[in-house]
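Novice: Residue numbers (my numbering), protein chains in the order written: chain A, 43 to 319; chain B, -4 to 245; chain C, 107 to 398.
Careful, some of the hints might be misleading.
[Unchecked claim] SDA-like cross-link-like pairs, simulated, lysine to any residue; straight-line CA separation at most 25 Å:
hint: 1; chain 1: A; residue 1: Lys130; chain 2: C; residue 2: Gly355
hint: 2; chain 1: C; residue 1: Lys141; chain 2: A; residue 2: Phe163
hint: 3; chain 1: B; residue 1: Lys141; chain 2: A; residue 2: Lys162
hint: 4; chain 1: C; residue 1: Lys141; chain 2: C; residue 2: Leu151
hint: 5; chain 1: B; residue 1: Lys105; chain 2: A; residue 2: Arg201
hint: 6; chain 1: A; residue 1: Lys130; chain 2: B; residue 2: Lys58
hint: 7; chain 1: A; residue 1: Lys139; chain 2: C; residue 2: Ala123
hint: 8; chain 1: A; residue 1: Lys162; chain 2: C; residue 2: Val359
hint: 9; chain 1: B; residue 1: Lys80; chain 2: A; residue 2: Ala128
hint: 10; chain 1: B; residue 1: Lys94; chain 2: A; residue 2: Pro197
hint: 11; chain 1: A; residue 1: Lys130; chain 2: C; residue 2: Leu151
hint: 12; chain 1: B; residue 1: Lys185; chain 2: B; residue 2: Glu229
hint: 13; chain 1: A; residue 1: Lys130; chain 2: C; residue 2: Val359
hint: 14; chain 1: B; residue 1: Lys26; chain 2: B; residue 2: Asp124
hint: 15; chain 1: B; residue 1: Lys12; chain 2: A; residue 2: Ser131
hint: 16; chain 1: A; residue 1: Lys162; chain 2: C; residue 2: Gly355
hint: 17; chain 1: B; residue 1: Lys56; chain 2: A; residue 2: Leu132
hint: 18; chain 1: A; residue 1: Lys162; chain 2: C; residue 2: Asp386
hint: 19; chain 1: A; residue 1: Lys139; chain 2: C; residue 2: Gly355
hint: 20; chain 1: A; residue 1: Lys130; chain 2: C; residue 2: Val120
hint: 21; chain 1: B; residue 1: Lys141; chain 2: A; residue 2: Ala128
hint: 22; chain 1: B; residue 1: Lys80; chain 2: A; residue 2: Pro197
hint: 23; chain 1: B; residue 1: Lys94; chain 2: A; residue 2: Ser131
hint: 24; chain 1: C; residue 1: Lys209; chain 2: A; residue 2: Ala66
hint: 25; chain 1: A; residue 1: Lys211; chain 2: B; residue 2: Phe140
hint: 26; chain 1: B; residue 1: Lys88; chain 2: A; residue 2: Lys139
hint: 27; chain 1: B; residue 1: Lys80; chain 2: A; residue 2: Leu132
hint: 28; chain 1: C; residue 1: Lys209; chain 2: A; residue 2: Leu70
hint: 29; chain 1: B; residue 1: Lys80; chain 2: C; residue 2: Phe117
[Stated by the list, open to error] Ranges of calculated distance between the beta carbons of each label pair, as one might list FRET restraints:
hint: 30; chain 1: C; residue 1: Phe214; chain 2: A; residue 2: Pro197; range: 28 to 36 Å
hint: 31; chain 1: C; residue 1: Pro335; chain 2: A; residue 2: Ala54; range: 49 to 57 Å
hint: 32; chain 1: C; residue 1: Phe379; chain 2: A; residue 2: Val68; range: 33 to 41 Å
hint: 33; chain 1: C; residue 1: Gly355; chain 2: A; residue 2: Ser75; range: 48 to 56 Å
hint: 34; chain 1: A; residue 1: Arg46; chain 2: B; residue 2: Gly35; range: 50 to 58 Å
Calculated from the structure, these hints are not laboratory results.
These numbers were taken from a predicted model, which means no experiment stands behind them.
Idealized CB from N, CA, C, for every residue including glycine.
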Amino acid sequence: MRGRFIDRILMAVCGLSFTLLALALVGLLYILSPGLKTITPSFLFSSIHEGGVLEPIVGTVYLFAGGAAIVAPIGTFTAVYMVEYAPKSLLTRLVDKTINNLAGVPSIIFGLFGFTFFCKFMGLGVSLLSGWLTMACMMLPIMVRSVEEVLRTVPESVREASLSLGATKWQTVRHVILPAVMPGILTGIVLSMARISGETAAILFTACFYTMRGLPRTVLDPVLTLTYYLFIHVVAEPGELDMPSLFGLALTLFMVTVTLCSAAFALRAYFRRRWRI
Amino acid sequence: MKFKMETIDLNVWYGRKHVLKDVCFKVPEKKVTAVIGPSGCGKSTLLRCLNRMIEVVNDAKVKGKVLLDGRNIYDSNVDAVEVRKKVGMVFQKPNPLPKSIFENVAFGLKIRGIRGAELVRRVEEALRDAGLWRDVKDRLTESAFKLSVGQQQRLCIARTIAVRPEVILMDEPCSALDPITSAKIEELIKKLSDKYTIVVVTHNMQQARRISDYTAFLYMGRLIEWNSTEELFEQPQKELTKSYLKGRFG
Amino acid sequence: MKLKSRHTDVFELVFGACALTSVVVLFLIIIFTLKNAVPAFYGRLLTFENLWAAEYNRFGLYTLVASTAMVSVGSLAISTPTGVLSAVFIAKFTSSYLRDVFKTVVEFLGMIPSVIYGFIGYMFLAPTIAKLFGLNFGQNALSASIVLAVMVVPTIVSLSTEVIMSVPREYEEAAMALGARGWQTLLHVTIPTAMAGIVSSVMLAFGRALGETIAVLMVAGCPTRLSGPVWNFLQPVYPMTAAIAMGMGEAEVGGVHYHALFAVAAILLAFVFVVNFAADVLRRRAPRRIVV
Chain A
43 MRGRFIDRIL MAVCGLSFTL LALALVGLLY ILSPGLKTIT PSFLFSSIHE GGVLEPIVGT
103 VYLFAGGAAI VAPIGTFTAV YMVEYAPKSL LTRLVDKTIN NLAGVPSIIF GLFGFTFFCK
163 FMGLGVSLLS GWLTMACMML PIMVRSVEEV LRTVPESVRE ASLSLGATKW QTVRHVILPA
223 VMPGILTGIV LSMARISGET AAILFTACFY TMRGLPRTVL DPVLTLTYYL FIHVVAEPGE
283 LDMPSLFGLA LTLFMVTVTL CSAAFALRAY FRRRWRI
Chain B
-4 MKFKMETIDL NVWYGRKHVL KDVCFKVPEK KVTAVIGPSG CGKSTLLRCL NRMIEVVNDA
56 KVKGKVLLDG RNIYDSNVDA VEVRKKVGMV FQKPNPLPKS IFENVAFGLK IRGIRGAELV
116 RRVEEALRDA GLWRDVKDRL TESAFKLSVG QQQRLCIART IAVRPEVILM DEPCSALDPI
176 TSAKIEELIK KLSDKYTIVV VTHNMQQARR ISDYTAFLYM GRLIEWNSTE ELFEQPQKEL
236 TKSYLKGRFG
Chain C
107 MKLKSRHTDV FELVFGACAL TSVVVLFLII IFTLKNAVPA FYGRLLTFEN LWAAEYNRFG
167 LYTLVASTAM VSVGSLAIST PTGVLSAVFI AKFTSSYLRD VFKTVVEFLG MIPSVIYGFI
227 GYMFLAPTIA KLFGLNFGQN ALSASIVLAV MVVPTIVSLS TEVIMSVPRE YEEAAMALGA
287 RGWQTLLHVT IPTAMAGIVS SVMLAFGRAL GETIAVLMVA GCPTRLSGPV WNFLQPVYPM
347 TAAIAMGMGE AEVGGVHYHA LFAVAAILLA FVFVVNFAAD VLRRRAPRRI VV
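With these hints in hand, go ahead and build the complete structure from the sequences.
Specialist: And the structure:
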């Protein structure tokens, strides 16, 4: 019958579309796979002056760790304010719209902002610190939304129980709600770190310097990240890495991001299952 | 007769809906007072006014006075948190905190600064008084959610009495429980009335008759009749009360 | 007497201050971008000609804006049908276990760093396109559109899937009870109901495509002018984001080029805000579940 035929066609077309996506991912992995041979412990742990990628790896970790350290408390407290303290206030509605807008700001604009505000106006120069602050601004929406999401999963009855025992709002938040949503907060932190570890445009002129080839000694030094290192090798060809090493670099970056993402998704799945009581 | 709590011309609105109308409710000290009436008549609302939990509800407006030991708890210099330390509440649906059994009972004590050996002692005392100690003494660190519904409700009662409030409010404490567990909770309530002033909201007339010393009948937001339980049930004064008791409306 | 809890919490002030931070950040971004862009607007630096060459002080917006438009539209042309159909597939044709797997796969695709996409585009896609069409270089609007399409398709898929799954079962059951076939229910009930959300996801993807920098930079070509008409996708193009990134590497702080770049950034920011606003308005009219 014609109807059932169309049903089948539809399913096939949709399945085909999805297969294209899956193929894109597989293709990506396949293209990066030559890098597998290059990724040895010596590659990962030797300096770039010896053809390794140690400094970019360490630099990437410095960057996302610092950014996360700044944004975790601010993002968490913002979400706590929005959900627990003043869900109906003007400020909350304003922050809600702001977060949506911030999430849509292109990373290059964060880069420009970081440069003109943190590097020039605040006088921090092109440095790790400027990078941290710029990254913190970028991570803020992810952090706030993640924590907001988990705070909303806490049923109202729990808050009522705590309040009825004579606890203040702060005591309720500190001793009842936050401990219960800690895995969710952790997920938000790891998710933001995953996002930042893949960032290039925003650190291009806020934290990275073309001639920088080493580890930052202070927070006011520029930093070298996996993303930036890969980028300049494609665009400017400084010639420190040969082709296999280049693939190794790309694959390393890919694996760092995938690891962080997997950790975040696993945490999120664990947390969602836990609350299905 | 001394009244531990009293409401004077209490009016409550949810948005535009006038939910409680000029209610003058009395709660005698160290007795069990039941509040009965058909669903939607404002029983739970009245209860929530007694410990200022009404403030947690959106759009609620309160006018009138609520006296605790003669003092109006809605006075501008009275802290709601302090009120709730003296007036505890047990909810219709058991709502343990997402913590262990021990931590659930300990929470109220911890926020009052009680620690160490004293804390452990009071937790045990509360669990014993609530009749839960034997069931849980070997698994105090387990999650409270592992208990059955009846045990969870006892846990909620335990955490309420652990902090030794002056008044305990109970909002249909047995409606989520089976008849056998309900009977046990009723027993517990009668036992607790030696030490505490208790107000129980219930839609179950027979239960009210069994456990309470005084009963108030609420209908459509108004307090229709208030009397000792015996007199209200045997010789109701108002027509409405008579009809309700005869089961003419739910 | 309207009731509010009387207990003044110093913590409420602290948390409120944190909340204020995000507002301050957005405000600063707008202010500082505009502050540095204003000299370019006042000095009439920007023109509408088809030439963007800083060394000659020629800042023709046509090149940049047309390139951005080409690449964004091109990427949407590829990603919208693929994305929406994939979303339908995940939402309607898979079991709930597989669904979680597929959704995670799509999320992964969305988290891959843009420089990796750029790398792959530069190393493989561009040469392939060059060979396919007999060009010298494969960096053109087509390559950029393809790369961008892969980057934004996860946005479309994840949001559309959520929206389609949120269409109330009752609507579909009503159609089926009347004897409609699967595809008829889909076409006449499910998709129309979900349409606002789907369009919203496409607009969000558009916003992302507008703002992507690194990947397009590596595969778009970055010429100083567009050599052909707008529908010729085989020519190298120079989107706004790429121009900003390339330019900042060379521009002297406070100089003419510097201000021109900020002016372009301001225009880009305006575009993005408008698109996101439209997406937001549409999203409110879509069926929603609690989790976004």
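Novice: Now tell me, hint by hint, if it's right for this structure.
Specialist: Now the hints, each set against the structure:
1. A:Lys130 <-> C:Gly355: Not satisfied, since the Cα-Cα distance of roughly 45 Å exceeds 25 Å.
2. C:Lys141 <-> A:Phe163: holds (12 Å)
3. B:Lys141 <-> A:Lys162: violated (58 Å)
4. C:Lys141 <-> C:Leu151: Distance of about 15 Å is within 25 Å: holds.
5. B:Lys105 <-> A:Arg201: Roughly 17 Å separates the two Cα atoms, so the pair holds.
6. A:Lys130 <-> B:Lys58: Answer holds: Lys130 of chain A to Lys58 of chain B is near 23 Å, not above 25 Å.
7. A:Lys139 <-> C:Ala123: With Cα atoms ~17 Å apart, Lys139 of chain A and Ala123 of chain C stay inside 25 Å; holds.
8. A:Lys162 <-> C:Val359: Judged against 25 Å, a Cα distance of about 9 Å means the pair holds.
9. B:Lys80 <-> A:Ala128: holds (24 Å)
10. B:Lys94 <-> A:Pro197: Within the cut-off at roughly 14 Å; holds.
11. A:Lys130 <-> C:Leu151: violated (46 Å)
12. B:Lys185 <-> B:Glu229: Between Lys185 of chain B and Glu229 of chain B the Cα gap is close to 21 Å, so the pair holds against 25 Å.
13. A:Lys130 <-> C:Val359: violated (44 Å)
14. B:Lys26 <-> B:Asp124: holds (18 Å)
15. B:Lys12 <-> A:Ser131: Holds. Lys12 of chain B to Ser131 of chain A sits at ~23 Å (cutoff 25 Å).
16. A:Lys162 <-> C:Gly355: OK: Lys162 of chain A and Gly355 of chain C at ~15 Å, within 25 Å.
17. B:Lys56 <-> A:Leu132: holds (21 Å)
18. A:Lys162 <-> C:Asp386: violated (34 Å)
19. A:Lys139 <-> C:Gly355: violated (33 Å)
20. A:Lys130 <-> C:Val120: Given pair Lys130 of chain A, Val120 of chain C holds - Cα atoms ~18 Å apart, limit 25 Å.
21. B:Lys141 <-> A:Ala128: Measuring from Cα to Cα gives roughly 33 Å; hence the hint is violated.
22. B:Lys80 <-> A:Pro197: Holds, at about 22 Å.
23. B:Lys94 <-> A:Ser131: violated (31 Å)
24. C:Lys209 <-> A:Ala66: holds (15 Å)
25. A:Lys211 <-> B:Phe140: holds (23 Å)
26. B:Lys88 <-> A:Lys139: violated (36 Å)
27. B:Lys80 <-> A:Leu132: Roughly 31 Å separates the two Cα atoms, so the pair is violated.
28. C:Lys209 <-> A:Leu70: holds (18 Å)
29. B:Lys80 <-> C:Phe117: holds (21 Å)
30. C:Phe214 <-> A:Pro197: 28 to 36 Å: Hint holds: Cβ distance 31 Å, inside 28 to 36 Å.
31. C:Pro335 <-> A:Ala54: 49 to 57 Å: Given about 37 Å between the Cβ atoms, the range is violated.
32. C:Phe379 <-> A:Val68: 33 to 41 Å: Given range 33 to 41 Å: holds, Cβ gap about 36 Å.
33. C:Gly355 <-> A:Ser75: 48 to 56 Å: violated (32 Å)
34. A:Arg46 <-> B:Gly35: 50 to 58 Å: The hinted range 50 to 58 Å holds for Arg46 of chain A and Gly35 of chain B, with Cβ atoms some 52 Å apart.
Hints 1, 3, 11, 13, 18, 19, 21, 23, 26, 27, 31 and 33, counting from the list given before, are not met by this structure.
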